[in-house]
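Colleague: Take the sequences, apply the hints, and build the full model.
Below, each chain spelled out in residue letters.
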Amino acid sequence: MTERFLGKDLLGLEPLTADQIRFILDTAEPFKEVSERTIKKVPTLRGKTIVNLFFEASTRTRISFEFAEKRLSADTVNVAAAGSSVEKGETLVDTARNLEAMRIDMVVMRHPSSGAAQFLADRIRSNVVNAGDGTHEHPTQGLLDLLTLRDKFGRIEGLKVCICGDILHSRVARSNIWGLLKLGAEVAVCGPASLLPLGIEALGVTVFRRIEDAVQWADALNVLRLQLERMHAGFLPSLREYNRVFGVTVERLEKAPRDLVVLHPGPMNRGVEIDSRVADGPHSVILDQVTNGVAVRMAVLYLLAGGRPEMAEAAKGRAGEASE
Amino acid sequence: MADWEIRIADWWRGGLACAAAMVVAGTRNALLDARGVQRALQRMAKEIVQFAEGTDRLVLVGIHRRGPELTQRLARLIEAEEGGSVPWGTLDITLYRDDVGTIGPRPVVGETHLPENLDGRCVVIVDDVLYTGRTVRAALDEITDFGRPARIGLCALIDRAGRELPIQADIVGKTVRAYPGDRVDVFLQEVDGRDAVELVRGEGGGGR
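These protein sequence lines map, in sequence, to chains A and B. Mapping the first sequence onto our numbering, position 255 (from 1) lands on 264, and the numbers just tick up by one. Mapping the second sequence onto our numbering, position 68 (from 1) lands on 72, and the numbers just tick up by one.
Please note that the accuracy of each hint is not assured.
Said to hold, decoys possible - If the Cβ cut is set under 8 Å, some of the chain B residues that face chain A in the computed set are: (1) L99; (2) V104; (3) E115; (4) F150.
I should point out that these hints are in silico values taken from the structure, not numbers from a laboratory. We put the beta carbon where it would ideally sit given N, CA and C, even for glycine.
Modeller: Structural data, given as structure tokens:
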């Protein structure tokens, strides 16, 4: 019996194998071209219904998923927590079961609680794509960062990538660490001690306390956003001080022994974790990340929608010219 | 019989059945050798120019896999005969298939590169084997998303029976009598290291 290559859901990069991650990145390549066409649409997911369930604010990820879905011809519905029955006290499972009763095929969910995607995936039959759950994982962001690095360097293996800033609250950091390590990159983190999780070295990453050391070591910096909305406990003395000590500035990048590539998952706090001159400068691949985001998400949706073993068995009886 | 005895008996019977099937199924018959492929392509190149009434508006489009290699060769043959350059592109129809739910566990999506605006051009689709017609149906859909050609033609190295859609080729290298379950393998120098077309007999026409 053939197994589905990706399984039913995409919840994180931690449970995936290097082979699976590489295959998603390879599948994303041809999808880039679809977005360059005059008619940016292929009929692949025609008739599939996808619900984008966003319990947390998002612009980039939601729009990126929506573009990916629309360019694959799926029908989409956006549900935001504000203005939905969630405000009336409906539980996550009830919301999802009600949606499923309307015969949907996939759910793309962002949720403030870690593990929410797994919780949902265990309880509904539709495919679940995690678009960020609390401080756990944000797999499609991890994948698009990997794709951008691979585009830029031609490889991931042996690459030195430093993730800078607020590691503690960052699901992007976690997905990046898993993905990069699995594909054979060297990973470091750099940030103030109050924003580094205790025992992070156990994952196999190096820790830098000074951004200057990270700049000397790395091929690429992935600069994370300071998640001001999650910081209520006085993690930092002030934003100005953070910028002075940890901000990625042109002056710091110029001291690097090689040309650094700078990534940022957005939205940027310009003048806090990253200077405008870096964000808009030649080191930055931030807009490439956004472009690749659509391609990666198309690949994920395509791979989850297809490859159902029971259907593949049924199709074997038919002559399949297209498969040869 | 004891459990282990049954297992051994099953294993033995399975082995015999396999051996019997191998004699009938899996037989390879050469349909075209390297010279035969070359001659077929030369004739097809001439017919393509006739079909397109010259090369002014001609665009060749090869369908993955093997189509792009055939297309490149046909383009070179036409250029040698007619002069000038013949624009050609490649097409991957995976995203236009009518059976997304049934794609295998490891579906490979190839790249699509079409040379330019297709409006008003004479597009000739090039495929290695024309069988059910579903690939061509998908290719037609994809091409129309790129523009409005004045005319679309179909050119196949091998034409075999088994059509599931009302589609026929305008230019054919060789027509082959094949039963359901049979397989036609096309080998090309660029991909497989040799030029040949072979017919592989399937199991008693029962399909796979």
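Colleague: The structure should be examined with respect to each hint, and the outcome stated for every one.
Modeller: Results of checking the hints against the structure:
The restraint placing L99(B) at the interface with chain A holds, with a minimum CB-CB distance near 4 Å, inside the 8 Å limit. Hint status for V104(B) relative to chain A: holds, with the closest Cβ pair at about 5 Å, below 8 Å. The beta carbon of E115(B) comes within 5 Å of a beta carbon in chain A, closer than 8 Å, and the hint placing it at the interface holds. Hint on F150(B) holds. Least Cβ distance to chain A is approximately 7 Å, under the 8 Å limit.
Violated hints for the displayed structure: none, as all numbered hints are satisfied.
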